[in-house]
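There are 2 protein chains.
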Amino acid sequence: MTTHHMETLGHFKITVWEEENFQGKRCEFVMECSSIMERGFRKIRSLKVESGPWVGFEYPEYQGQQFILEKGDYPRWEAWSGNSAYRTEHLLSFRAIKCASHSDSKVTLYEGENFQGRKFELSDDYPSLQAMGWSTKEVGSIKVISGAWVAYQYPGYRGYQYILERDRQSGEYRKYSDYSTQAHTNQIQSIRRVQH
Amino acid sequence: MTTHHMETLGHFKITVWEEENFQGKRCEFVMECSSIMERGFRKIRSLKVESGPWVGFEYPEYQGQQFILEKGDYPRWEAWSGNSAYRTEHLLSFRAIKCASHSDSKVTLYEGENFQGRKFELSDDYPSLQAMGWSTKEVGSIKVISGAWVAYQYPGYRGYQYILERDRQSGEYRKYSDYSTQAHTNQIQSIRRVQH
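Those protein sequences? They're chains A and B, same order as listed. Each residue of the first sequence is one higher than the one before, starting from -9 at the first, in my numbering. Each residue of the second sequence is one higher than the one before, starting from -9 at the first, in my numbering.
Chain A extracted, bound-state conformation:
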């Protein structure tokens, strides 16, 4: 076991169950899981994050809708899914978010693609970007300077979730399809830091 493995073991732990309310088949993870079906699960219906944060994905191989999973108990799918219109009860892969820092997070939003147009640098949570002065409902591109962020389709941290990390593609999300592969919309109306 390498030093890297040891560190990972110390920092991240998630337990998943096949049934709601932490019932039925269970499994603990300290590393990422690219497909829960390969562990003999049909689906995940409840989970506990003992140390995080993690990001869950609708499909295997980290594809589809994203679900931010910070420390705490998630007894049913609606505890992690913010998008009840497109009602998926799938959470089939997940991985740790290693660069989260609640106290040192910076992100710049740009009106246009490729970091063009009006911009705004944030280091705090904003449940309403419009209230902060952002004039549209859309964000064209995003540069994460430090930490990890989660952006949402609707105000008040609702709707589709987009996890944005300094560690992924150098923190550069040049067009909306870089962050919103699953949603086919560039609407972002709230954004917040991810908590370690």
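Mixed in with the good hints, there may be bad ones.
Heads up, the list lumps identical chains together, so a pair's fine if it works in one copy or across two of them.
[Unchecked claim] With a Cα cut of at most 20 Å, we get these calculated EDC-like pairs of lysine to aspartate or glutamate:
{"#": "1", "residue 1": "Lys165", "residue 2": "Glu155"}
{"#": "2", "residue 1": "Lys127", "residue 2": "Glu10"}
{"#": "3", "residue 1": "Lys33", "residue 2": "Glu9"}
{"#": "4", "residue 1": "Lys33", "residue 2": "Glu51"}
{"#": "5", "residue 1": "Lys38", "residue 2": "Glu128"}
{"#": "6", "residue 1": "Lys127", "residue 2": "Asp63"}
{"#": "7", "residue 1": "Lys127", "residue 2": "Glu40"}
{"#": "8", "residue 1": "Lys38", "residue 2": "Glu8"}
{"#": "9", "residue 1": "Lys133", "residue 2": "Glu111"}
{"#": "10", "residue 1": "Lys165", "residue 2": "Glu103"}
{"#": "11", "residue 1": "Lys96", "residue 2": "Asp114"}
{"#": "12", "residue 1": "Lys88", "residue 2": "Glu51"}
{"#": "13", "residue 1": "Lys15", "residue 2": "Glu28"}
Honestly, the hints are just simulated from the structure, not real lab data. Keep in mind it's a predicted model, so treat the numbers as computed, not measured.
Place chain B on chain A using the hints.
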């Protein structure tokens, strides 16, 4: 018209529609509405907050589930409802939140009722109270020192929402039924400031 009215007109504005995506019958409000049915609406299916924040309620007379409404567009009920388990599509009354201050908000959480037991003073947003060091999933009582807050049943700002204001009952929520009248649970796993 009194001075108080003039101030209210300048600070708060919400527009509601009877159908999704801002269609059908519409009405603008700059003051609270204790029953949308009295305005001839059957229900509200979409809304825009032009200046806020507001709090919406499931039932007339500010009863039932609470929904925080900050500046932005809410094209469907899932944009404001964080609780898909108990699927209510009702939002039948609403009022402005006058004491919100994103930059000056303080709240103290207590383990026991009547401000007893272990306590924690917060002035920032916490998507996971457990990650911050709060050892249980419950909060016994809450004292709002300044501003307005919204507490949530689940981590990551999901599930039942509880609006907590300095201006209401002197900011003192002595037992869980003071803040959670509709939910019959004292589970709080995340909390954040309300944005003006």
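Here's how the hints hold up against the structure:
1. Lys165 / Glu155: Cα proximity of lysine 165 and glutamate 155: one copy only (15 Å, versus 39 Å across).
2. Lys127 / Glu10: between (35 Å within a copy, 17 Å between copies)
3. Lys33 / Glu9: within (8 Å within a copy, 35 Å between copies)
4. Lys33 / Glu51: within (15 Å within a copy, 42 Å between copies)
5. Lys38 / Glu128: between (33 Å within a copy, 16 Å between copies)
6. Lys127 / Asp63: Between copies, since 8 Å is at most 20 Å while 32 Å is not.
7. Lys127 / Glu40: Intra 35 Å, inter 13 Å, cutoff 20 Å: inter-copy only.
8. Lys38 / Glu8: Within one copy only: 12 Å inside a chain, 39 Å across chains, cut-off 20 Å.
9. Lys133 / Glu111: within (9 Å within a copy, 33 Å between copies)
10. Lys165 / Glu103: Answer is within; shortest intra-copy Cα gap is 5 Å, inter-copy 49 Å.
11. Lys96 / Asp114: Cα proximity of lysine 96 and aspartate 114: in one copy and across copies (8 Å, 16 Å).
12. Lys88 / Glu51: within (18 Å within a copy, 46 Å between copies)
13. Lys15 / Glu28: Only inside one copy: lysine 15 and glutamate 28 sit 14 Å apart there, 51 Å across copies, limit 20 Å.
Of the numbered hints listed earlier, not one is contradicted by the structure.
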